[in-house]
Every structure is written in structure tokens, then in C-alpha cells.
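*Asks:* Listed below, chain by chain, are the residues.
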Amino acid sequence: NAGVTQTPKFQVLKTGQSMTLQCAQDMNHEYMSWYRQDPGMGLRLIHYSVGAGITDQGEVPNGYNVSRSTTEDFPLRLLSAAPSQTSVYFCASSYSSRHEQYFGPGTRLTVT
Amino acid sequence: QQQVKQSPQSLIVQKGGISIINCAYENTAFDYFPWYQQFPGKGPALLIAIRPDVSEKKEGRFTISFNKSAKQFSLHIMDSQPGDSATYFCAASSGQGAQKLVFGQGTRLTINP
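Line by line, the protein sequences are chains C and H.
The working numbering applies: residue 43 is where the first sequence begins, and numbers increase by one.
The working numbering applies: residue 35 is where the second sequence begins, and numbers increase by one.
Calculated directly from the structure, the hints in this document are not laboratory data.
Backbone N, C-alpha and C fix where the C-beta goes; we use that ideal spot for every residue, glycine too.
Keep in mind that the hints are not guaranteed to be accurate.
Stated by the list, open to error - Subject to a maximum C-alpha distance of 20 angstroms in a straight line, what follows is the list of computed SDA-like cross-link-like pairs (lysine to any residue):
(1) 91/H with 82/C
(2) 39/H with 100/H
(3) 76/H with 93/C
(4) 134/H with 50/C
(5) 134/H with 60/C
(6) 39/H with 82/C
(7) 39/H with 95/H
As the list claims (entries may be wrong) - Stretch by stretch, here's where chain C covers chain H in the computed footprint (C-beta under 8 angstroms, at least three residues):
(8) 63-74
(9) 78-92
(10) 136-146
The whole structure should be built from the sequences, with the hints applied where relevant.
*Replies:* Here it is in C-alpha cells:
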């Protein structure tokens, strides 16, 4: 099992550009989520999904879109990148929010 | 708003000592309280978790203490080792309503040899 994979590992964007962070898992988990990690702020939930076709907002959803067309994939789209979105992004999957979350290796995004 | 508050932000402990990290929560519907450990450049990984039907859970040198009335829980690391140096996050979620797992701000733990 590859577990949770994320691509790319690093990305530099200019303000206003858009991009998609990819996340995939091969554990047949229903629950997937996206977090951003900033110094002193912990891990803040951006969006999450409890199954294919179902998504919901977390604490900091503004500027991000998600979709869940398959159980395996949960991409995160930045519509118009802003410097405030400079962060490390983690994708995670699990059976539910009340089971062990398996995290991917993260994507370090810099917006200039 | 921060639903889970964690302290301290950073902690330095001598090798062999006890490391204690505290968390407090507001939502009484929370019924699952995990702790995650993160090493630099890696994603967090589950360390230990507790549900509110018990007041304490121990796994090796790691213990969670849970106080439901005070809405607080803590992580104790006994006989702390340099390899325990990492960032630790507490978290909480509820089986009711929105299925969100919310994290505390994190504690950077350094164990001096």
C-alpha cells in the first residue's frame, strides 16, 4: 500500500495563479480531509469529505475548492492564489473523523 | 475560533524527565481525543487516543489523562528521550453532527541529552 500520496512536494505560484494539489489514498477510506499548517496555528481544517460526492467546509475554506468524484482522490484547488495561502498543506484519510488519520507527506506552497 | 487550546507552545525537558502537554476544549459533544506526533518534514502520525468513557490510557511511556468535568486532557511522556523531540498536537472530534477533527496549536518538545 502506498498510503496517502500528495503531489507536488513543492510549488511556487505567483499571486492570482490557480493550481490543484493532488491527494490520493489506496486504503479505501471514506473520510478524507485537507489541512494547512502554519507556525503557531497548528493544523487547520480546510475542507473534508465523508465519502464520494460529499464534501463540507472546515475552519478556513475561503479561497479553496474541493471535489470528491471517487473514493481514492480528493484534490484541492486554489482558485486565485494569494500570499496568505503560503503554507504547508496536508491531506489525510481515515475510516471516519473518529479513527486514526493517515497523513500524506505534505505540499509546501509559496505564493509570491 | 479555536475549539481546542493547547499549551505550552514549546517545552524543553531533560532526558529521563516527564514531559507534560495540556489541552482544553469547549465543545461538550467531542468524544474522541487523539494525540499526534510530527517530526520535521513529515506528516503527523497518531501517537495515542482516548474516548471519554475512561479517565486514563497508557501505551508504553505515553499516557493520556482525561478530565471530562474540566474539559481538559493531557499527554504525559515518562522517561523522555531525545528521540521524543518532535511537535505534538492534540485534537478532538465528535460523532454527532459535522464530522470535523480539530487540532490544537501544537507543542514543540525538545529533550536535552
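*Asks:* Has the given pair, residue 134/H with residue 50/C, been kept, meaning a C-alpha gap of at most 20 angstroms?
*Replies:* Violated, at roughly 25 angstroms.
*Asks:* Need the status of pair residue 134/H, residue 60/C: alpha-carbon distance at most 20 angstroms?
*Replies:* violated (27 angstroms)
*Asks:* Mind taking a look at whether chain C covers the stretch 136-146 of chain H? Criterion is 3 or more residues with CB to CB distance under 8 angstroms.
*Replies:* This one holds; 5 residues, not fewer than the three required, reach chain C with a Cβ under 8 angstroms.
*Asks:* Can you tell me if the stretch 78-92 of chain H counts as covered by chain C, using C-beta to C-beta distances under 8 angstroms and a minimum of three residues?
*Replies:* Three-residue rule met by the stretch 78-92 of chain H, so holds; n is 4.
*Asks:* So if I understand the rule, the pair passes when the alpha-carbon distance is 20 angstroms or less; does residue 39/H with residue 95/H pass?
*Replies:* Violated, at roughly 24 angstroms.
*Asks:* Taking only the CA atoms, is the gap from residue 76/H to residue 93/C under or equal to 20 angstroms?
*Replies:* Violated: residue 76/H and residue 93/C sit about 26 angstroms apart, past 20 angstroms.
*Asks:* Does the alpha-carbon distance linking residue 39/H and residue 100/H stay inside the 20 angstroms limit?
*Replies:* holds (15 angstroms)
*Asks:* Is residue 39/H within 20 angstroms of residue 82/C, Cα to Cα?
*Replies:* Judged against 20 angstroms, a Cα distance of about 12 angstroms means the pair holds.
*Asks:* Within a Cα-Cα threshold of 20 angstroms, do residue 91/H and residue 82/C meet the stated pairing?
*Replies:* Violated, at about 27 angstroms.
*Asks:* Count the residues of the stretch 63-74 of chain H whose Cβ falls closer than 8 angstroms to any Cβ of chain C, and tell me whether that reaches three.
*Replies:* holds (count 4)
In terms of the numbered hints stated before, the structure departs from hints 1, 3, 4, 5, 7, listed from lowest to highest.
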